[in-house]
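Protein sequence lines, in the order shown, are assigned to chains A and B.
In terms of the numbering used here, the first sequence opens at residue 1099 and continues consecutively.
In terms of the numbering used here, the second sequence opens at residue 1099 and continues consecutively.
These are calculated hints, taken from the structure and not from any lab test.
Be careful, since some hints might not be right.
Identical chains blur together in the list; that is why a pair holds if it fits in one copy or across any two.
Stated by the list, open to error - Computed list of lysine to aspartate or glutamate pairs in EDC-like fashion (alpha-carbon distance at most 20 angstroms, straight line):
#: 1; residue 1: 1284; residue 2: 1180
#: 2; residue 1: 1284; residue 2: 1135
#: 3; residue 1: 1205; residue 2: 1182
#: 4; residue 1: 1284; residue 2: 1138
#: 5; residue 1: 1238; residue 2: 1266
#: 6; residue 1: 1284; residue 2: 1217
#: 7; residue 1: 1284; residue 2: 1121
#: 8; residue 1: 1128; residue 2: 1266
#: 9; residue 1: 1149; residue 2: 1138
#: 10; residue 1: 1284; residue 2: 1144
#: 11; residue 1: 1218; residue 2: 1144
#: 12; residue 1: 1219; residue 2: 1182
#: 13; residue 1: 1284; residue 2: 1266
#: 14; residue 1: 1219; residue 2: 1167
Protein chains: 2
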Amino acid sequence: MSKSDGIPGPAVRRLSLYLRQLESLLGQGKRTVSSRELGEALSLTDAQVRKDLAYFGQFGHPGIGYRVDELTVRIRRILGTDREWNVALIGAGNLGRALLCYRGFAKKGFNVIAVFDTDKKIVGTKIDLQEGLTVLPMSKLSEVVRTQNIRLGILAVPATAARQVADELVEAGVQGILNFAPVTLKNMTCPVAAVDLTVHLEQLSFQLAGGDNT
Amino acid sequence: MSKSDGIPGPAVRRLSLYLRQLESLLGQGKRTVSSRELGEALSLTDAQVRKDLAYFGQFGHPGIGYRVDELTVRIRRILGTDREWNVALIGAGNLGRALLCYRGFAKKGFNVIAVFDTDKKIVGTKIDLQEGLTVLPMSKLSEVVRTQNIRLGILAVPATAARQVADELVEAGVQGILNFAPVTLKNMTCPVAAVDLTVHLEQLSFQLAGGDNT
Chain A
1099 MSKSDGIPGP
1109 AVRRLSLYLR
1119 QLESLLGQGK
1129 RTVSSRELGE
1139 ALSLTDAQVR
1149 KDLAYFGQFG
1159 HPGIGYRVDE
1169 LTVRIRRILG
1179 TDREWNVALI
1189 GAGNLGRALL
1199 CYRGFAKKGF
1209 NVIAVFDTDK
1219 KIVGTKIDLQ
1229 EGLTVLPMSK
1239 LSEVVRTQNI
1249 RLGILAVPAT
1259 AARQVADELV
1269 EAGVQGILNF
1279 APVTLKNMTC
1289 PVAAVDLTVH
1299 LEQLSFQLAG
1309 GDNT
Chain B
1099 MSKSDGIPGP
1109 AVRRLSLYLR
1119 QLESLLGQGK
1129 RTVSSRELGE
1139 ALSLTDAQVR
1149 KDLAYFGQFG
1159 HPGIGYRVDE
1169 LTVRIRRILG
1179 TDREWNVALI
1189 GAGNLGRALL
1199 CYRGFAKKGF
1209 NVIAVFDTDK
1219 KIVGTKIDLQ
1229 EGLTVLPMSK
1239 LSEVVRTQNI
1249 RLGILAVPAT
1259 AARQVADELV
1269 EAGVQGILNF
1279 APVTLKNMTC
1289 PVAAVDLTVH
1299 LEQLSFQLAG
1309 GDNT
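Isolated chain A, as found in the complex (with noise of 0.2 angstroms):
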C-alpha cells in the first residue's frame, strides 16, 4: 500500500505550491518561515498550511517554524522530485517536440530518453538536436521501456489515438502517464495526470468574452 493513500488530492497539489514559495525564499536568503507567512503569500490561512504539512510528517520547530532549507528537502523527497524518472514521449508532432524544447522536465528530474510516433514519415529522424534523439516506431516500445528502465510516458498524441498508446504504455510496463492529449483517460490503472492546454485557454477566452450567449 502507497503511503499516499488517504491523503486528500488539494493537500498534496498545495505542497507543490508551498514548494514554489519555499524555493523563492531560499533564492532571497530567507532562513526561516513561518505558517502565516507561507499562508500569505498563497492566501491561504497559517491553520490550513500546518493542517496539509501534517498530513506528510512533523516540520516545524517550536518558536522558529519551519526552517526553509530543511522543509524544501523534506517537499522535494515527499514529491519525489529528489530523483531522476527515464520517460518515453509518444507523439513527435509539433505538441511532442514543443515539449522536448521544454526543460522543466529535467529540472524536475524528468529525463526524456526515448520518443516514439506511428508516422512513418517521422520514424528514423532525429528532433533533438541537443540529444539527438531519433524517433522510434511503436513497435519498439516495449523493449525500450524494459531495456531502458523507462517509468513515465508523456502522451501528445491526438485524442483519437490517446487511449490505444495509453493502453500500450500501461501494457510495456511504464508506471505513470502525463497525458497532454485534449481526452479523459478513464479507467486507467496507473496514475495519470492530465495537461489540458486547450481547457485553459478555453477559460480564458471565455472570460475575455463575457460568456456570450446571443
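Please arrange chain B on chain A, whose structure you already have, making use of the hints.
Positioned in the frame of chain A, the structure of chain B alone reads:
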C-alpha cells in the same frame, strides 16, 4: 457587468469537457446525444450535465436530447473560441519557443502576432520560421499592444520576472493573461489563467514515488 458573473468556475470548466466530447461525437457522425450519454463519458450524472448547461441557456429538445452540431456551436460561442484574439507572447526562451510551435493556440483562435523579450541577445532575432516573427524589446510593448489590437498576453518568463511583466501587460492594455510562469499572480485586475507544468509534474511524481517521506 459580464454575463459570466455568478456562474460557478467548475461549470465553466466542464463546458470545455462537454465541448471535447461533442467534437468527438461530431467526428463519429453522431447527430444527437442525451445528457446521460454526455455525462457517462465524463463520469458525471445526467442531472449534473443538465444543471451545468442550464446556466448558459436552453439547449435540449424534448424527446431528442441535444443536437450535437447545435450544442457544439453554442458552447464554442459561450467559450469565445468562435472568434480570433490577437496575442502577444512574452519570453522567447525555451518555454516560449516551445509554445510558439504549439498549434493548439491558433486552433482556438489565439493568434500569436508579437513576441517580446528582455534579453538583448535574443531581441531582433527571428524565432518562428513559419511566421517570421522578430523578437521585440519590452519597450515596444505598449505601442504594439495598442496598434495591433492585442487582447491577450502569454507569460513564458521566469518566476522572478512574472509579476513585473504581468503588470506591464495590464498597463499596456491587455485584457487577459495566460500564465506559464511557475508563480501565483495575485490581485490582478484582469482575468488570469495559470498553467503550471511543474505542478502537474510534481503531482505525477508524487504518485510514482508513493509519497515517500523517509
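State the violated hints by number, sorted upward, taking the hints as numbered earlier in the document. 1, 6, 8, 11, 12, 14
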